[in-house]
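Colleague: Protein chains in written order, with my numbering: chain A, 817 to 1241; chain B, 23 to 193; chain C, 7 to 340.
These aren't lab readings, by the way, just hints derived from the structure by calculation. Don't take each hint at face value.
Simulated crosslink set (BS3-like; lysine-lysine; CA at most 25 Å straight-line) [as the list claims (entries may be wrong)]:
{"no.": "1", "chain 1": "B", "residue 1": "99", "chain 2": "C", "residue 2": "87"}
{"no.": "2", "chain 1": "B", "residue 1": "99", "chain 2": "C", "residue 2": "57"}
{"no.": "3", "chain 1": "B", "residue 1": "38", "chain 2": "B", "residue 2": "176"}
{"no.": "4", "chain 1": "A", "residue 1": "1214", "chain 2": "A", "residue 2": "1224"}
{"no.": "5", "chain 1": "C", "residue 1": "20", "chain 2": "B", "residue 2": "99"}
{"no.": "6", "chain 1": "C", "residue 1": "110", "chain 2": "B", "residue 2": "99"}
{"no.": "7", "chain 1": "A", "residue 1": "1214", "chain 2": "C", "residue 2": "87"}
{"no.": "8", "chain 1": "A", "residue 1": "1131", "chain 2": "A", "residue 2": "1233"}
{"no.": "9", "chain 1": "B", "residue 1": "99", "chain 2": "C", "residue 2": "172"}
{"no.": "10", "chain 1": "A", "residue 1": "1131", "chain 2": "C", "residue 2": "272"}
{"no.": "11", "chain 1": "A", "residue 1": "1214", "chain 2": "A", "residue 2": "822"}
This one's a predicted model, so the numbers in the text were calculated from it and none came from an experiment.
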Amino acid sequence: MNIHIKGGRLIDPANQIDSLTDLFISNGRIASVGSAPDNFIVDQVIDASNKIVCPGLIDMCAHAREPGPAQKGSIRTESMAAVAGGITTMVTPPTTSPIVDSPAVAKLIKDRCIEAGKITIHPMGALTKALEGEQLAPMHALASSGCIAFTNSRQAVANSLVLTRCLEYAATHDLLVIFQAQDASLAQGGCMHDDSTCTRLGLNGIPESAETVEVARCLLLTEQTGVRAHFGQLSCERSVRMITEAQERGLPVTADVSIQNLLLTDENVNGFNNNFHLIPPLRSQLDRAGLIQGLLGGTIQAICSDHQPHESAAKEAPFADTEPGMIGLETLLSLSLWLVDQEMLDLPQLIEKLTLAPATILGLDEGNLAVGRTADICIFDPEEEWTLTPESSHSRGKNTPFMGHPLKGRVTNTLHKGHIVYSAT
Amino acid sequence: MISNTLNALALLDKMKQDLSSLLAQGNRPDPLMIGIHTGGAWLAEKLHTDLNIQSPLGTLDISFHRDDFDQAGLNPKVQPSNLPCTTEGRHILLVDDVIMSGRTIRAALNELFDYGRPASVILITLLDLQQRELPIQADIIGGNLVINPDQIVKLTGPEPLALEIRNRSKD
Amino acid sequence: MLEHTDPSQVQLTKDGELKHFITTEHLSREMLTEILDTADSFVDLGAKQVKKVPLLRGKTVVNLFFEASTRTLSTFELAAKRLSADVLNLNISTSSTSKGETLKDTLMTLHAMHSDMFVVRHSSSGAAHFIAEHVTPDVAVINAGDGRHAHPTQAMLDMLTIRQAKGAFAPLSVAIVGDILHSRVARSQIHALRTLGVEDIRVIAPNTLLPRHIESLGVKVYTDMQQGIKDVDVVMMLRLQKERMNSALLPSESEFYKLYGLTMDKLALAKPDAVVMHPGPINRGVEIASSVADCDRSLILDQVTNGIAVRMAVMSMAMSGQTKSRSDLNGTEV
């Protein structure tokens, strides 16, 4: 299908483009940038006037819940949510049921994804079998089956020697390891950041040290083993400081942060609002400021959604008895635009953090709209105001504090491999 | 009868005389006088002294026995009822300032009966507004009064005792 | 980024009257004083021959205790009965709810029974909030203790006891001693004391039993009891649960008693007319010496009497707030 995207402001950070430029797509790829290629017969024109045209967003952490409990979501439903949010590539954690510690599970996910036909999913594979932290998972086979990176998720490998072996093995095959740093005993039983709000509400807290102790350990072992490493969904200012210092010494680690940790703090939990029960937890104003600084200063390269859909019953109980997590695929872009609104970033810088940066970290070809590249494209109106409602939300989960909240910036079209997979009604 | 000059003390005098006559009949020996907070208590105090009633004076706060809890809620300024002795077998002289619907008296009777079974109860009131919603009557009345629906009458005190007719405050 | 909801919304009607009693936090001094005054009138009632008033006649009060407790349950039951309410006790152990019936489902079942008031005790902080937000609009919720968050009736009976013994709150120096970390009683006491005007509130505990940033609640922290108890007017002891010794928080009961137990020697450091309180049940020889618990400066038994009066007060006030706001909705003239 030959598509002409006309009249939009093309922002392609990989090729330093930010101008009113047309795009031409053919056979699922970028055919030309600027003017039509020779003998180009247009099948469809997308009018992108007053809109932004950018690479499809790459979400470094989103749960599709499949294989796993269907009431929470499926690859089909969550893919639809993703493209409604302009996301064309998604990285999923291995915490499915069964866990992604065998090639069969990785293949299942890839197959389901192709069936759904909307986005590309790159699953993360487990670092250890069953994520139990004792034996190596078959990382090479998993990588061959499509796993793009390896993690033990939020279950830190208890034995430091075992962790070292995991990293050495991953380094052998030049595999990327993603740390979701959380010390099990320090975080145990906690449901929110351990500070004055937590004290007043009488909830069990997760101290800052639950993250920083593990970040410290992982940094040191990364340095020792030389593995390629990335820190996922940071929540503490202190973690940012430690990673900055390591990067300044030449350690090539990268990091991402979820948009909610950039916008919200533990004070939002007041009144026992279950929508703010999240792991990693929302932390203090100081942490929030530190994370924003880390993003602006380059310690943190990417922003993700950490999308975690739940059925409504999972959130209908006293705070600590609810399951943590919020959905975020459809709101990732709109919420991230707030950073541009507040003049912390300009639009091309923001788009870079949602597209090129994740692509670079993960070693993907996507996130780049040069001629010949895959036509994964997001078109959005940065000024359009809208709200997410339970009816309009495509995800199976409706668990977000931003439900019904006025948002600015709305995706109008999403293309994946040159096919229009989403059009706003 | 519409009374233009509401002289509380004059009405009180009349009550004193009527009560005195009634007690002189002799069939209510050793009466127990009980005043209903707040106006009834003030009046009872005067009557108790002037008529030289032997048994100590009691007071009743009927807030907990009102029948309009669902509409008006709880009165936060509840004073404790103070009954110096049991009501069992006694002849009660119940004193209130203004009787209108009769519900206050019903509540007072309910509360009194929680404390014991009296031999008899006489109701003494300063003013009867004749707007009864229940079959309650006073035995001794200072005076009758008719007021408009937008008016209320209040006894102020304890010194001096005076009656005021006011317009209802607009809420 | 998102607006914060007004935390007092949950407990008060739009006219500022109590409709649920969940926490002492976010209530005004006037409201707390009104609760104490109302409780006072019920204290007087307790001394009379006839202890009952008909305020809650015809109303059904359900005691929903997800955490076992004989004392608190029986005082609430007694309070409800003295208000002439019909009382239903549901001792739902947490194991049956974990078998599949969620808290929300339990509430749905109870709704069908048309109750007017739930008195709730639950092991999760925020349970009372959750229940208040999920019951039908005209049901009042009284928090009998939720997790570590709040135990507001205990705090209010403590305040009443202090007021009876000392009169004014502002000039007082009050010490709360013991396991502050796990204590919902301490949190509710601190909010109430501050709101009622006490400026010198001290918490005394080892670091392992102090919550993070407890000073942000407006208290001074002492880890040395000799220092902390100096010249105080009121000493409020907290219970120490046995399992604290098993979770690496304290080495032993005897060490705790030596450093933080209230003995006559330590009490001597407080003001000569200082009073001693404890929410009960007391662990003699762990938090408090028998000689102190039984001495004439101990108000422990007064606390028990006041407990019934305070519970009668909040139950009537909350019922009043609920039915009044319902009348408003129906357009009945108030």
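Colleague: Each of the hints needs a verdict: does it hold here or not?
Modeller: Quick rundown of the hints versus the structure:
1. Annotation: proposed proximity of residue 99 (chain B) to residue 87 (chain C) holds, straight-line Cα distance about 22 Å (limit 25 Å).
2. Simply put, residue 99 (chain B) and residue 57 (chain C) have alpha-carbon atoms about 19 Å apart, close enough for the 25 Å limit, and the pair holds.
3. The hinted pair formed by residue 38 (chain B) and residue 176 (chain B) meets the criterion: a straight-line CA distance of about 20 Å does not exceed 25 Å.
4. The hinted pair formed by residue 1214 (chain A) and residue 1224 (chain A) meets the criterion: a straight-line CA distance of about 19 Å does not exceed 25 Å.
5. For a cut-off of 25 Å, the pair hint linking residue 20 (chain C) to residue 99 (chain B) stands: about 21 Å separates their Cα positions.
6. Annotation: proposed proximity of residue 110 (chain C) to residue 99 (chain B) is violated, straight-line Cα distance about 38 Å (limit 25 Å).
7. A C-alpha spacing of about 44 Å is found between residue 1214 (chain A) and residue 87 (chain C), which places the hinted pair above 25 Å, so the restraint is violated.
8. As the CA atoms of residue 1131 (chain A) and residue 1233 (chain A) are separated by approximately 36 Å, the hinted pair breaks the 25 Å bound.
9. For the proposed pair residue 99 (chain B) and residue 172 (chain C), the alpha carbon gap of about 22 Å is at most 25 Å, so the pair holds.
10. Annotation: proposed proximity of residue 1131 (chain A) to residue 272 (chain C) is violated, straight-line Cα distance about 48 Å (limit 25 Å).
11. For a cut-off of 25 Å, the pair hint linking residue 1214 (chain A) to residue 822 (chain A) is broken: about 34 Å separates their Cα positions.
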